[in-house]
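Trainee: Spelled out, the chains give:
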Amino acid sequence: MQRLKTPQEQREFESFINALFRLDDYDKVNNEINNINIPAPYRLRIKVLYSQKPVSDIINGIAGKGNLENLKTESNTYLYKTIIGRDTPEKIRVPFLLASFRENDLPENVQAIISICKTNQWNTLRRFSKNTYPRLVPIRLSQVELIQCAKKLKQMTGHNVNVKALSAKEAFNGEKGEHLKSLRVWTDENLEKALHSIQDRHQIITSIDIEFFQNIGGHSNVLPRATCKIRKSGEIEVTGNYKLAFNAVASQIAKVGEKKLRFFSGRGLRLSQYEARPLAINFIQPVFEKVDEVRNFVDILSKYPRSMHAVVHGNPYAHVKLTDIYDGSSFDVWAISPARIALMPGLKASEAAFGRLVQYIFDQFKEGHIAEYDYRGRTLESSS
Amino acid sequence: MTTGEEPLKVAHDAVNSYEQTVNAILSFAAFIVHDGNNKRPDSEFGIGRRMTTSKENPIASNIDITPDIVAQKSGKYGVVAEVKRSLSKNQKTWVKHIRRLRKYDDRLKGWWIEKERIPHSDTIFLIHQSHERLFTRFLEAKKESEPELVGPNTCVVQFNYSEERVTYIFFRLEFGNLHDLKLNQRLDEGVSIPLDDVRISFPIIHFYDAPPPMPWLLLRLWTDLFPAMIEGGEWDEKTQSTKIKVSIPEITDELQKAFGSKALRHDHRSGEFPKKRWVREALERLIKYKFATPSDSEDGNYIIYYKFFKKGDVLERFIKLELGKSDVRQTEDERQLKMFPDLVDE
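Protein chains in written order, with our numbering: chain A, 1 to 384; chain B, 1 to 346.
No lab work stands behind these hints, which were simulated from the structure alone.
Since this is a predicted model, take the numbers as computed values, not measurements.
Here a beta-carbon is modelled for each residue, glycine too, at the ideal position from N, C-alpha and C.
The reader is advised that the hints may include incorrect statements.
Unchecked claim - A few chain A residues that face chain B, going by a derived Cβ cut-off under 10 Å, partial list only:
{"hint": "1", "residue": "66"}
{"hint": "2", "residue": "70"}
{"hint": "3", "residue": "273"}
{"hint": "4", "residue": "309"}
{"hint": "5", "residue": "315"}
{"hint": "6", "residue": "325"}
{"hint": "7", "residue": "332"}
{"hint": "8", "residue": "334"}
{"hint": "9", "residue": "337"}
{"hint": "10", "residue": "348"}
Unchecked claim - Computed spacing ranges between beta-carbons, pair by pair:
{"hint": "11", "chain 1": "A", "residue 1": "223", "chain 2": "B", "residue 2": "230", "range": "51 to 59 Å"}
{"hint": "12", "chain 1": "A", "residue 1": "119", "chain 2": "B", "residue 2": "170", "range": "54 to 62 Å"}
{"hint": "13", "chain 1": "B", "residue 1": "266", "chain 2": "A", "residue 2": "375", "range": "19 to 27 Å"}
{"hint": "14", "chain 1": "A", "residue 1": "88", "chain 2": "B", "residue 2": "9", "range": "49 to 57 Å"}
{"hint": "15", "chain 1": "B", "residue 1": "316", "chain 2": "A", "residue 2": "290", "range": "21 to 29 Å"}
Whole structure, please, built from the sequences with the hints as guidance.
Mentor: Quick look at the structure:
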């Protein structure tokens, strides 16, 4: 990949990108994004977002106020402007396209921000998205969902899919007990083999880089058509064929995320007319066999960011009350069964708050399977 | 444990005790009305249900009573039960429990059948294992010395929490016999009900018809109800908080629908909890702690000055505020909400 070395080259490239995002037709912008060669340190980046209303309504409601402005209304393009750095302030201007998944039969309340930018520019867009939470909710993937997304790509695209690299965390025994170490692994294994190896080593993946190779009559091209780095935060970095990445990877993330957040929605007691609609996180193996494990879980919940907490009971079972400070959603979290956590929504429980809490438990405690907390136990996977 | 920590632990235990009593009530009711797989035909239960004594009642005839549990197994058999997680150390006060049981041991009116009287019923004192043995001995002695004080259908069942791999509530019959032979046999052998099953059946019931420890009610208001009302509030620059106008009837109604009596099947005899006076008391406490004021318009409403408590445990915070009270454990007034209702003589 070519690299732009001088500031002059970078300025010229950014002017070109700006012109692209100012095209007056949504399809033209999309086509041109697909046609350009993107030099380093620039990358094509996608972030999938969810909202209770169409995402474009939220973005348009913000545009014109503060740092966000419309570039071309008819193209769904915007410009985000800000200044970063205190000692040497740097002006940042990042254009982006708000893309819908209409062609993938997904509703407008899940859309994606697409930009061609450097890492520091992308980070400002990330902060913008973070500051609009919970109006805009990032799609967060569990490890299982990330792996399922990757698995489906081969069958969806008809391409051979290889894992190029992955970032993960792996437990190791240090002098002061068990710790997690971050690691970046490069490989050229096919997907199935790589996934087996991840499972064998009990690695916790944070991102996975996959390559798509055209396959004709059982013969695979040696050069990939696209390379995608998929993060658990629902972000994708694309090299090569953008449309392939968008239609295969981004739409799959949008589909999984939309289904999950829809499963979490309408569970607050006020919205459900005071009918309890609790959820469970089920584990294949028991996770609360020892009191220490219950204590550890209570400790993790007590540190839940941006929340109020109250430990009602911590031993031998756990009952912790959590209130999400972002939007006032509340939950009673119970650990009363060796292989299950129960999440009882309070009077208000938004899907965003449910999603944030579940992801926190997955990341900080252990990943499990989401289901209804009742005798039927309908799972998220089996929901329509 | 230091001396300073002990009142905190006692107060926390009181909250746990209340929650465990709620769990015991729900699981015992479930034991009567469910056969393990399904709800039994014609079965019903109520917490604090208003029942009426007969004219032959030896303690008080033709009056309304509100047992903690009324559970109807079928159109022919049911139980009324009074639940005690803890008892006063002063055994002289136990007589009133026995008199209450005697009052309940009657052909009560108020069952879920035509004419509201059931052919067979038993009266159960559901008591925590730690106090059961002494109480049963006391009851047996009373039966000897004052036979008329113990009714013919009175039983004692102990309950306890397991601390094993699976958390469950254990029940065992310790005194008397139930008319229903199957239930009698099972209770005589001992029955374990997983807490998980109880919470699957009743995920959101957090109150019964006895006043909760004040921190428990304040916790529910501060972490659940008021956060859900923030959107309708008004930001107050001066106090850096959200002003939320609340009325006692509205709050009480919402708590009942979400976590209390109205979350269960409801009819004209159903008990109502949490009660308005508990809520009023809680709001008065918030005024005392400078989290609320009476509304200016003298409409009986209150203004909550709401802030999220970003640091520390909210329950502990309310317990500590309550411990600042000097008269917490001295009050004998049953009508007043006490901080530790189970630890104070009724």
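Trainee: State for each hint whether it applies.
Mentor: Hints, one by one, checked against the model:
1. The beta carbon of residue 66 of chain A comes no nearer than 19 Å to any beta carbon in chain B, farther than 10 Å, and the hint placing it at the interface is violated.
2. The criterion of a C-beta within 10 Å of any C-beta in chain B is not met by residue 70 of chain A, whose closest approach is roughly 28 Å, and the hint is violated.
3. A hinted interface residue such as residue 273 of chain A counts as satisfied when its beta carbon comes closer than 10 Å to some beta carbon of chain B; here the least separation is about 9 Å, so the hint holds.
4. With its C-beta approaching chain B no nearer than about 6 Å, residue 309 of chain A sits inside the 10 Å limit, and its interface hint holds.
5. Interface hint at residue 315 of chain A: satisfied, since its Cβ lies 8 Å from the closest Cβ of chain B, which is below the 10 Å cut-off.
6. Interface hint status for residue 325 of chain A: upheld, as the beta-carbon distance to the closest one in chain B is roughly 5 Å, under 10 Å.
7. Because the beta carbon of residue 332 of chain A sits about 8 Å from the nearest beta carbon in chain B, less than 10 Å, this interface hint is met.
8. Among the interface hints, the one on residue 334 of chain A holds; its C-beta lies about 6 Å from the nearest C-beta in chain B, closer than the 10 Å criterion.
9. Interface hint status for residue 337 of chain A: upheld, as the beta-carbon distance to the closest one in chain B is roughly 4 Å, under 10 Å.
10. The criterion of a C-beta within 10 Å of any C-beta in chain B is met by residue 348 of chain A, whose closest approach is roughly 4 Å, and the hint holds.
11. Distance hint check for residue 223 of chain A and residue 230 of chain B: the Cβ-Cβ separation is about 55 Å, which falls inside the suggested range of 51 to 59 Å.
12. At about 59 Å, the beta-carbon gap between residue 119 of chain A and residue 170 of chain B stays in the expected band of 54 to 62 Å.
13. At roughly 23 Å, the beta-carbon separation of residue 266 of chain B and residue 375 of chain A lies within the given 19 to 27 Å, and the hint holds.
14. In this structure, residue 88 of chain A and residue 9 of chain B meet the distance hint of 49 to 57 Å, their C-beta atoms being roughly 55 Å apart.
15. A hinted range of 21 to 29 Å for the beta carbons of residue 316 of chain B and residue 290 of chain A is consistent with their spacing of about 25 Å.
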